[in-house]
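Protein chains in written order, with this note's numbering: chain A, 1 to 311; chain B, 1001 to 1521; chain C, 2001 to 2386.
The hints are simulated quantities; they were obtained by calculation from the structure and are not laboratory data.
Accuracy of the hints is not assured; some may be wrong.
Stated by the list, open to error - Here are the simulated PhoX-like pairs of lysine-lysine, each with C-alpha atoms no more than 20 Å apart in a straight line: (1) B:1094 to A:218; (2) C:2193 to A:254; (3) A:218 to B:1413; (4) B:1094 to B:1119; (5) B:1413 to A:183; (6) A:288 to C:2008.
No experiment lies behind these values; they were computed from the predicted model shown.
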Amino acid sequence: MGINRRKFLGWMGAAGAAALSPRLAKGSTNKEFKGYPDSFGVLHDTTLCIGCRQCEAACNEANNLPAPEAPFDDREVLKNHRRTTVQAHTVVNRYFPQGQDEPVFVKTQCNHCLEPACASACFVKALKKDETGAVVYDASLCVGCRYCMIACPFNIPAYEYDEPVAPRVMKCTLCLPRIQEGKLPACADACPREALVFGPRKDLIALARKRIQKYPDKYVDHIYGEHEMGGTSWLYLSSVPFEEIGMREDLGVKPAPELTSGALSAVPMVVGLWPVLLTGIYAISKRKDQVAEEDMAKAVERVGKKKEEEK
Amino acid sequence: MSERASSIAVTSVVFAALTLFWTLGGGTRSGRAAPLETRSDIVFMENVAAHGEQQMPTVAFSHDRHTQSLGEAECTTCHLEEKGALVPEFKRTKAQPADMDLYHENCVACHVTTRAGDKPSGPIASQCRSCHDRRPTATVLHESMAFDRSLHYLHERSPLIKQDADNTNCSACHHGYENGKKTEFSVRGKEASCRYCHEASGTDKAPSMADVSHESCVGCHQTFVGTGEDFGPVTCEGCHGLDAKSGIKTVETPPRLDRGQPDHALVTRGRRDLAVAGMDASTQKISMDSVPFDHKLHESTSESCLSCHHKSLESCQTCHTEKGDDRGGNVRLSEAMHKRKSDRSCIGCHNQRQKAPECAGCHAQRPDTAFADNACNTCHKPAAGTGMPAPSHRTQFNGEVPKTVVIDSLEEKYNPSILPHAKIIKALEEKIEESPMAKAFHKDEFSLCQGCHHNAPSSERPQKCGSCHATLDLAGDGRPGLKGAFHGQCITCHDKMNMASIPATDCSRCHKEKQLENEVQ
Amino acid sequence: MSVLKKIKLTPFNVIAGAILLGGLALTVLRFGFGLSTVTNLDNNNPWGLWIGFDLLCGVALAAGGYVTSATCYIFGLKRYHSAVRPAILTAFLGYALVVFALNYDLGRPWRLPYPIFYSQGPSSLLFEVGLCVFIYLNVLFIEFSPAALEWLGLKRIRTVVVRLTLILTILGVVLSTLHQSSLGALFLIAPSKLHPLWYSGYLPVYFFVSSIFAGMSMVIFEGSMAHRYLHDRMDDTHLAESRGVTLGFGRAASFVMMGYLGIKVIGLAIDDNWHYLATGWGAWFLLELIGFVALPAFLYALGARDRNVKLVRRASVLAVLGVVLNRFNVSLVAFNWQLPSVQRYFPSWMEVATSIFIVTLGVVVYRFISVNMPVLHEHPDYKHQA
């Protein structure tokens, strides 16, 4: 609705071109991966959110999830703080920041990190960062180790613990199937206030900056997700410090893969040097034994000779 | 050997366990207890002697509790009198140094006697920590006491206060100061605010505002205790309590303070007015027109003179000159009038007023940096030498306005929404009529329309919302799409105007869900 | 059937049998109805006791294999030779059980070979752990096979395998270095969830170094167990050398633990985490470090100096508990420390029971092998051979 089809196809073309261009090799160089250049994201302006839960309803429908216990227009559920679950890939929470009468509503879902912790943690590549910006999950590869859930700094992935045969990790897909059809993500499409704006991430950052500049008293001067954990595809604006609306500001700006790259880079060195070192130690201890043996033999010989001489 | 080792092991484990217990235990103790009572009468008795590490915690003394339990007894039970006035310090003159024994002996002695009399009493000598308690006993909250126009008027007219020769009672409070002595203030019209001399903290010249107000105001009220007259508060709670405002008598529309101030003034004398006054405009560097300022009107809409004036009550230009002056803190006149962040400047104060629910519906959505193109001449206009233009009224829009507007451009899941266009205009017009400020600033016949039809050229037939708001202009100026614009406009306005009866989350209040309607049929 | 008849109704057999039966029932529950019926795991706490104990502690405590074989074959300290086989057996069983236990925790255990053979995710430390454990399990199998081959009387193959000893040992040390440290490195990705006192860039080093003394302590501990319960299976060489092994490993473990203590303090200093020591978490951290590292290290040193085998054995229990405590702290206690207490994880009794079941399984198999195969004694045919 917010974006017409022609513009959309233009974006898709750009993203396609990006996909074809060779990716930067990542290693211990000073090269920096700044995300796919034309990837998409969503800007969530929490100052506009009215907590109507239309996004939750749309998400539920788009992903064919089971109907929840309480209907989506039941605002009583906002009394409790909720997290994403197997049945709800997005939830809206209500916060009462200090010194403010009006509540702030914040929508939570997968933030689709530029360099996702979950994808870097997955040992079967069941989670991948798509060129569109979506972090997608392939259930056909998943072993069910749940290391992605350990790794996610936002506590997003949920797991089908009830499922004995083929449990899956469940999380927001950024509505990749809809995006590929040329539609908006269901939540962004449903939002009556345009509190969710879908578009190229760089344009969203520009838009967020514009809003902050235009209403300096309304917003805190921070776009959450621009740099957090190396940047996320979802971006947030707020009128109060993000810490007060349940968003951690202590995550740092280091992308997740960088946290483990040091440990991983030590592996080849151990493989290469340990055998050399250990063989060396072995050789030395062996040689020592030999010398000791020879000395012993000589000593025995000497003693024998002495005895002979004495005779 | 083994025994020694085992004993070491046991000791270490016990030590570790104790550490853990102590640390965790310490953590829980700092947990929050029941909410504390809010009191405004707490006086902190700073420790008089420094005892270093052994210093006892400061005593939080509840003044009202003590006056209450003293009942009829005189203030002199605790306070000395000096030159006919009570000394705020406990049982000593100002000159006398504070002394620990003075407090210990007098407080405890009184507690002991009241205790014997079976009355509620305070701690005695053996209960050190009952007074010297580190834990807060109450949330201390001193509401600042504003001596507003209404109170000023009540004091001005009070028959209880000593009259001057000219039948006013100004001199009861206003006074001068010469050669170390209070003098009677006799020049009418030159009275200044108390703060002119009595600053927040005492100076060599004058004691602090807090000291003099307790001494003079409470001192005066005190003289009427028991007379049955209608007089002001004598307790801490009476002025500084949370509900103090409701307990103090007010006058709805107090008459002007008579200090010889002008009814209206030219804040700046503009080029055209200079010419009218026969002055040579070319010698002045002023390019803007004058701002005729309705002083009288602003008096009635502000709390006190200090809402705009600093302590001296002089005219703005005296200190805030065109080029800035030391006396005005180098704040130029234009800055002093236009500063957004100040609550004294014209624009700062007007912006604050716009946050009131009746204004915020339209104004909250406009960036406060935004000025209409012709905004300057709302204030800057030639006064034509008379000092003040005749009060102008709002030009009502006389054309036809649609009674309702059907919003169906986004119709998909919901039926069209029917906007009660005329009703909204009428409601807004009524709100404007109630406020002189709103009337002054909405003179143009289309200015009201701008609340919703913002950024559109003022005209009888503003263009449709969709002509600017098609889709969210992501690459451009970021203006919202049609859905965002409609909902933003309606919901924000309802929200800011406290129209809780139309909750934003109740979609069907504005447009019925299609399926829902079918079911009903 | 004939095997079953041979089993006597000793108290050990009865209890072990009961636990194994219970474990079987839990296995049915777990695979029939899913993780949620058996575990207290949830979306915020995806890893519980089965990872914290079965995987992390299992691998750490099975480190005796590479430590002992390296001591004997690489450092050439032949007087520890009699400790190698039991240590290798424990290691092999330990790793086998770790993999076995993983099947309970994984959502789709039959895909366990996926990361190695089907879809590799080399950016994951879990991939490295998986690959190393997989290879090391094979290495351990080959390293242990001489015992089985001697039992089965397959002399020729045994000779071939024995010739590979040095290569296998080096491979074992390399692989152990990698995956022991990587288990710690698993948590590097979650700095926002692990308490700063336990999170450190040196986590892999901590895990590796602590695995060394964990391995040594386990060898000492198992030695004392074997002495008590399998005395009749031990030959004179084993009995004679066992005292030296205990004291020697005690001394070495004390030394390594002191080093470990040092690098833990360096870690504190580098991240400037001193102020956390004044909190409840700090007390818990100090309890781990002082009560379960410094104290056993001291007792080890004392025991080694006074040649007090009993004390060294007691210290080994404390040291083993210390490693378990450390792994619990990193994976369970200090993990998700910022969550409100209602959202924290505590294992269900069924999780605990499953872990007990798996440990019991290990003990039973160990007993079977050490009773039947030449582990605690040398096969008469191969005496005085390397």
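For each hint, the structure was consulted:
1. For the given pair, residue 1094 of chain B sits about 50 Å from residue 218 of chain A by alpha-carbon distance, which is inconsistent with the 20 Å threshold.
2. Proposed proximity of residue 2193 of chain C and residue 254 of chain A is supported: the alpha carbons are some 15 Å apart, at most 20 Å.
3. A C-alpha spacing of about 32 Å is found between residue 218 of chain A and residue 1413 of chain B, which places the hinted pair above 20 Å, so the restraint is violated.
4. Taken as a hint, the residue 1094 of chain B and residue 1119 of chain B pair is broken in the structure, with Cα atoms around 31 Å apart against an allowance of 20 Å.
5. For the given pair, residue 1413 of chain B sits about 17 Å from residue 183 of chain A by alpha-carbon distance, which is consistent with the 20 Å threshold.
6. About 51 Å separates the Cα atoms of residue 288 of chain A and residue 2008 of chain C, which puts this hinted pair outside 20 Å; it is violated.
This entry does not satisfy hints 1, 3, 4, 6, going by the numbered hints stated previously.
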